[in-house]
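Participant: Please work from the sequences and hints to get the whole structure.
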Amino acid sequence: MRESTSPPLYVVPEKGGLGDLVANNAVEEPDEPVFHRKVGDRWEPVSAAKFSTEVIGLARGLIAKGVGHGDRVGLLSSNRYEWSLMDFALWTIGASPVPIYLTSSAEQIEWILSDSGAVAVVVETATHEDVIQGIRGSLPALQHIWQLDAGVVDELRDAGATVEPAVVEERRKAVCPEDIATIIYTSGTTGMPKGCTLSHANLLAGSGNAVALLRTMFGPVGDIPASTLLFLPLAHVFGRMVQVGATVARTPLAHCSDVKQVPAELASYKPTFLLSVPYVLEKAYNGARRKAYEGGKGKIFDTAAATAIAYSEAQKPGVGLRLRHALFDRLVYRKFRAALGGNLRYVISGGAALGERLTHFYRGCGITVFEGYGLTETSAAVTVNSLESFRPGTVGRVVPSVQMRIGDDGEVQCTGDPVFAGYWNNEAANADAFTEDGWFRTGDIGEFDDHGHLRITGRKKEILVTSGGKNVSPALIEDRIAASPLVAQALVVGDGQKYIAALITVDSEYLEHWKTSAGKPADATSADLINDPDLLQELQRAVDEGNTAVSTAEAVRRFRVLPSEFTVESGHLTPSLKMRRKVIMADFADEVAELYS
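The end of the sequence shown is residue 597 by our numbering, with every number in the run present.
Read the hints as simulated data drawn from the structure, not as lab findings.
Once the Cα atoms are required to be at most 16 Å apart in a straight line, the calculated EDC-like pairs of lysine to aspartate or glutamate come out as:
| hint | residue 1 | residue 2 |
| --- | --- | --- |
| 1 | K283 | D479 |
| 2 | K297 | D329 |
| 3 | K50 | E82 |
| 4 | K461 | D409 |
| 5 | K260 | E509 |
| 6 | K270 | D223 |
Facilitator: Here is the structure:
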């Protein structure tokens with residue numbers, strides 16, 4: 001199969017935009033909760049009517065301050081209720097929020113605000129405001145700097161008292177589906193980010209069709225109402241998709257501002273579904289396994305994990321497998337689900353490959369993980385697994401309203417309602433982004449299986465070519481090596497070299513457990529153990545396992561352990577947790593050279 005098409009399940013309205021979702025929800029189900037806010041230790045519901053009232057009040061203030069239709073407004077903040085409030089207020093008056101990652105440098109922030117021509121910027125803290133003040137001289141279009149922690153929402157609400165609500169209604173009705181809803185600057189792995197323009201129609205089509213396809217996920221679990229906890233940054237398109245999708249589905253959403261607080265917030269909020277990246281799911285599994293071993297129940301956990309995987313893989317589990325599964329549900333799986341809040345039943349995972357093993361483990365534990373695939377330019381997911389068509393190891397079938405094909409060079413290309421029209425002020429990038437007949441070039445290499453499910457096998461720009469002329473896509477073996485709980489990240493190298501090698505970082509949390517079982521000093525760090533023979537032997541097992549997935553020419557022959565994990569703060573990961581290959585190669589050039597000396 002070289003091409004796949006899926007007709008829409010959700011039809012984008014001919015008029016209006018994202019602000020209409022809020023207005024319609026307030027009219028049709030005014031008392032139903034659409035958000036939950038953390039107040040002290042309690043999650044307080046925000047009804048559709050209350051949220052609409054707050055959006056209108058903020059919209060009046062923005063109009064009073066001169067924000068016009070089509071104006072761009074920067075958003076620099078962690079996830080919080082006020083971000084969603086600001087998003088929908090701006091969308092209601094036809095303005096375009098421009099999200100900025102908290103990890104962005106002053107130079108990147110200056111570029112985004114300058115390139116977008118933002119007339120205002122909303123920041124979270126005084127520190128953020130200081131950064132903006134330091135670059136304001138180079139931003140002639142910037143008229144306002146508003147700080148959330150300083151109470152700007154109340155300030156704008158007060159300022160809007162002179163603006164009649166009817167003015168907001170006029171502005172909302174003037175919005176067209178083709179209007180730019182947001183400009184998301186892609187974090188990228190090199191260079192300055194490009195502004196990806198997404199229209200109201202793009203976001204409605206992408207989120208609306210995903211909700212229609214995954215309706216069960218957005219519905220109740222027994223008598224427990226559906227809800228989700230958003231911890232992926234709203235600056236990323238994946239986070240934006242769940243915000244819009246939850247509003248389309250009228251499913252309550254709560255915000256988590258720090259990924260480190262996810263375990264605690266899951267325990268208190270108890271959502272029924274999540275949108276996640278593999279890193280978080282891997283951490284949850286590794287953490288549970290580590291605790292089991294520390295409590296002397298490691299073998300029980302491993303047997304339970306193997307049973308969960310076998311149960312998920314089986315088309316029709318036999319009596320013995322069903323009995324073992326029921327036993328371990330009481331002993332292990334319930335505790336694992338309880339650590340994730342207790343009500344969690346569904347997860348959409350994207351951004352990187354989770355792998356079949358963990359996908360089956362989670363499903364065997366009672367939590368179905370739907371792997372999906374998409375980019376900022378496609379308004380997030382354009383393929384996803386579903387209950388009706390579930391194949392672990394793939395990123396699913398084409399989402400309704402999307403057409404997808406595989407180019408002659410193996411590149412995944414797509415078109416359809418969620419696909420953007422182009423980059424902001426960047427015709428050169430637009431020329432590279434689309435084929436002659438208007439299909440978007442994703443830059444990813446993939447293939448459809450016999451069931452129409454997509455597998456991503458690599459990236460065009462990350463293909464390594466050995467000195468012997470062998471083309472190697474690093475994604476598959478990197479994912480296999482990183483499946484080891486001891487491995488945090490694996491980056492395959494070897495472009496222009498005689499053989500393939502790898503840089504490996506050690507998972508700092510799992511290392512604590514490993515040190516105990518291996519008899520290593522409790523205070524030893526990964527940097528201290530770089531050349532430890534026992535650690536190297538354990539990592540060699542992970543490499544050997546990875547090598548089973550590829551040919552001899554693609555296999556990793558040597559590896560080097562790095563002293564610490566790649567992080568967003570170190571500059572080695574994008575905010576969406578993808579490895580910045582060129583940055584890593586530059587920063588660890590000496591280590592790479594040693595692999596070939």
